[in-house]
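K.L.:
In case you want the letters, here they are:
Protein chains: 2
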Amino acid sequence: MEQPFESVIRSYAQAPLTEQATVIDELGGERTIQIACERPLTIYLNKREIVTLMTLGADPEALVVGYLKNQGFIERAEDLTAVQVDWDVESAAVVTRKEPAHLESMLEKRTVTSGCGQGTMFGDLMEKIANVELPVTPVKQSMIYSLLRALSQHNETYKNAGAVHACAVSDGDYIVSFVEDVGRHNAVDTLAGRLWLQGISPNGKIFYTTGRLTSEMVIKVAQMGISVLLSRSGVTQMGLALAREMGITLLARAKGRHFLIFHGRDTVDLDCLQEGKGVQGE
Amino acid sequence: MEQPFESVIRSYAQAPLTEQATVIDELGGERTIQIACERPLTIYLNKREIVTLMTLGADPEALVVGYLKNQGFIERAEDLTAVQVDWDVESAAVVTRKEPAHLESMLEKRTVTSGCGQGTMFGDLMEKIANVELPVTPVKQSMIYSLLRALSQHNETYKNAGAVHACAVSDGDYIVSFVEDVGRHNAVDTLAGRLWLQGISPNGKIFYTTGRLTSEMVIKVAQMGISVLLSRSGVTQMGLALAREMGITLLARAKGRHFLIFHGRDTVDLDCLQEGKGVQGE
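Chains as they are written, first to last, in the UniProt record's numbering: chain A, 1 to 282; chain B, 1 to 282.
Simulated from the structure, these hints should not be mistaken for lab results. One or more of the hints may lead you astray.
When the alpha-carbon atoms are kept at most 30 Å apart in a straight line, the in silico DSS-like pairs for lysine-lysine are as follows [stated by the list, open to error]: (1) A:Lys-255 with A:Lys-159; (2) B:Lys-159 with A:Lys-159; (3) A:Lys-159 with A:Lys-140; (4) B:Lys-98 with B:Lys-159; (5) B:Lys-47 with B:Lys-98; (6) A:Lys-255 with B:Lys-159; (7) A:Lys-140 with A:Lys-47; (8) B:Lys-140 with B:Lys-159; (9) B:Lys-98 with A:Lys-255; (10) B:Lys-47 with A:Lys-159.
So these bits of chain A aren't anywhere near chain B, every CB distance computed over 12 Å [stated by the list, open to error]: (11) Gln-20; (12) Glu-26; (13) Cys-37; (14) Lys-47; (15) Glu-78; (16) Thr-81; (17) His-102; (18) Glu-133; (19) Ile-144; (20) Val-182; (21) Gly-204; (22) Gly-234; (23) Gln-237; (24) Gly-247; (25) His-258; (26) His-263.
Some chain B residues well away from chain A (every beta-carbon gap over 10 Å; in silico) [stated by the list, open to error]: (27) Asn-46; (28) Ala-93; (29) Val-95; (30) Ser-105; (31) Ile-129; (32) Asp-173; (33) Leu-213; (34) Ser-233; (35) Leu-273.
Beta carbons are placed, not taken as given, at the ideal position from N, Cα and C, and that holds for glycine.
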């Protein structure tokens, strides 16, 4: 695991996450509501334009680092020198000690993925996945329930404005990190960036997302080194196939006291079941 | 408007849309459910690899055509010679009469958008939008309600397997076209491709999506020439800003008898309201 490195020069760019909008309801009545912000953020890696992400802007530095890491542009945390986001020019300047290898060839090869948008993966991510070694992480049903309860305290932007997805990393007892974004994949990348920057080990962690578990979501969580994936939504056939291939415990349709185990039954201890609390409190 | 052109050589590739999966519920009970398929489709334009989409595969030929049109790779329907999808090799071969202009420069400029994945737009789409001329389309509240009712008859894959988004085009009375995909943006592109291939005029049409109205969704519908956008979900600030700029009637949070008018109040006739049926039947 990389160590935490405070040495990285980073901005802490702030921007409003919601904005007021006046709407008319079906009865003709005027209402003032909050809507989620969405802003472009163009990433420059050593002055080379990589991509423009559309994001809520909750933690742009972590998003940029996580994106570049997940796309394979930055392989070692130590290589990172500075991450500076400036909303006035809607750009992020990332500086590394040495030029990323095969930068051009990576920019050549694109896979636009589904998610529920058309995500983008540069380079042969699928090949990288073949080398991912994931730890076996036992999960307790009671952990899942306490995580789902705890999450309801976090999703501020969703409660105010909707139109965002949430992702969280839990150690089984507490939520280690939580973020919302208009881009579901941005949220995953942001958490990947945070864990990496903070040198938090993925061992024993559970990854939660409100979004559907498509191939790209499963791949990105595997890249974080996390082997338990929990979703409020459903699973696609390729998301499941990848989880089986990589030995990821895949839990979905998790809401209230309900959830379905799509893969990794042996790693899940249905401890509440023994206490006959399986379906209480829904 | 382009005319319909049966002259295009096209495959009608079929693939299963759902697959059976055996899962364990929170009570330890085994269940067999359907999950949505997700498969890669690599697009070759005149033998040049453009991109790989991850899709459900409901209408791959229309998806490919709509994607290439919306990305600006194909500008005139007449230029299209053949669209052939082969699931055995997970690829789509598209042939045009002449090479697309500025192909290389377009592949250079990428914008990865939010949606709820990280979508991709090649080229300066925002610039193209500046030239979009949209008709003013009056909408009746009663139309919205009958569209929402009619939609419940269509979403087969969602009912069976979940994890997909739906998009539909309605003429106000009937659903002209409907599709589901694991990629929300794929669904939009597929309908764009169908309308284009069939030479159906966007005038007087309403576009419905189950997905959130982020900037990319609004841009793609505007590219279709449709000026009324209806969503079951919410709106982002940039989605709303673009709708205002382009004069798109933006209706969201549409469920049962409820909806919110985010933009275009003057084009919406709340006819049910006068009959005092505004909130019946919810």
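K.L.:
Holds or violated: B:Lys-98 with A:Lys-255, Cα cutoff 30 Å?
P.N.:
violated, 53 Å
K.L.:
May I ask you to check that A:Glu-133 keeps its beta-carbon over 12 Å from the closest beta-carbon of chain B?
P.N.:
holds, 25 Å
K.L.:
Could you let me know if the closest chain B CB is still more than 12 Å away from the CB of A:Gly-234?
P.N.:
Given that some Cβ of chain B is not farther than 12 Å from that of A:Gly-234, nearest at about 3 Å, it is violated.
K.L.:
So A:Cys-37 supposedly isn't at the interface. Is its beta-carbon more than 12 Å from every beta-carbon in chain B?
P.N.:
violated, 5 Å
K.L.:
Would you mind confirming whether the straight-line C-alpha gap from A:Lys-159 to A:Lys-140 stays at or under 30 Å?
P.N.:
At roughly 28 Å apart (the allowed maximum being 30 Å), A:Lys-140 and A:Lys-159 satisfy the hint.
K.L.:
Would you mind confirming whether the straight-line C-alpha gap from B:Lys-159 to A:Lys-159 stays at or under 30 Å?
P.N.:
holds, 26 Å
K.L.:
Tell me if the straight-line CA distance from B:Lys-140 to B:Lys-159 falls inside 30 Å.
P.N.:
Satisfied, since the Cα-Cα distance of roughly 28 Å is no more than 30 Å.
K.L.:
Would you assess whether A:Lys-47, listed as outside the interface, keeps its beta-carbon beyond 12 Å of every beta-carbon in chain B?
P.N.:
holds, 16 Å
K.L.:
Within a Cα-Cα threshold of 30 Å, do B:Lys-47 and A:Lys-159 meet the stated pairing?
P.N.:
With Cα atoms ~48 Å apart, B:Lys-47 and A:Lys-159 exceed 30 Å; violated.
K.L.:
Please settle this one: A:Gly-204 was flagged as non-interface, so is its CB more than 12 Å from every CB on chain B?
P.N.:
About 22 Å separates A:Gly-204 from the closest Cβ of chain B, which puts it past 12 Å; holds.
K.L.:
Evaluate the condition: distance from the CB of B:Val-95 to the nearest CB of chain A exceeds 10 Å.
P.N.:
With a cut-off of 10 Å, B:Val-95 remains clear of chain A, as the shortest Cβ separation is near 21 Å.
K.L.:
According to the definition I'm using, a residue is off the interface if its beta carbon is farther than 12 Å from all beta carbons of the partner; does A:Gln-237 meet that for chain B?
P.N.:
violated, 5 Å
In summary, the structure is inconsistent with hints 4, 7, 9, 10, 11, 12, 13, 19, 20, 22, 23, 25, 26, 33, 34, 35 from the numbered list given earlier, while agreeing with the others.
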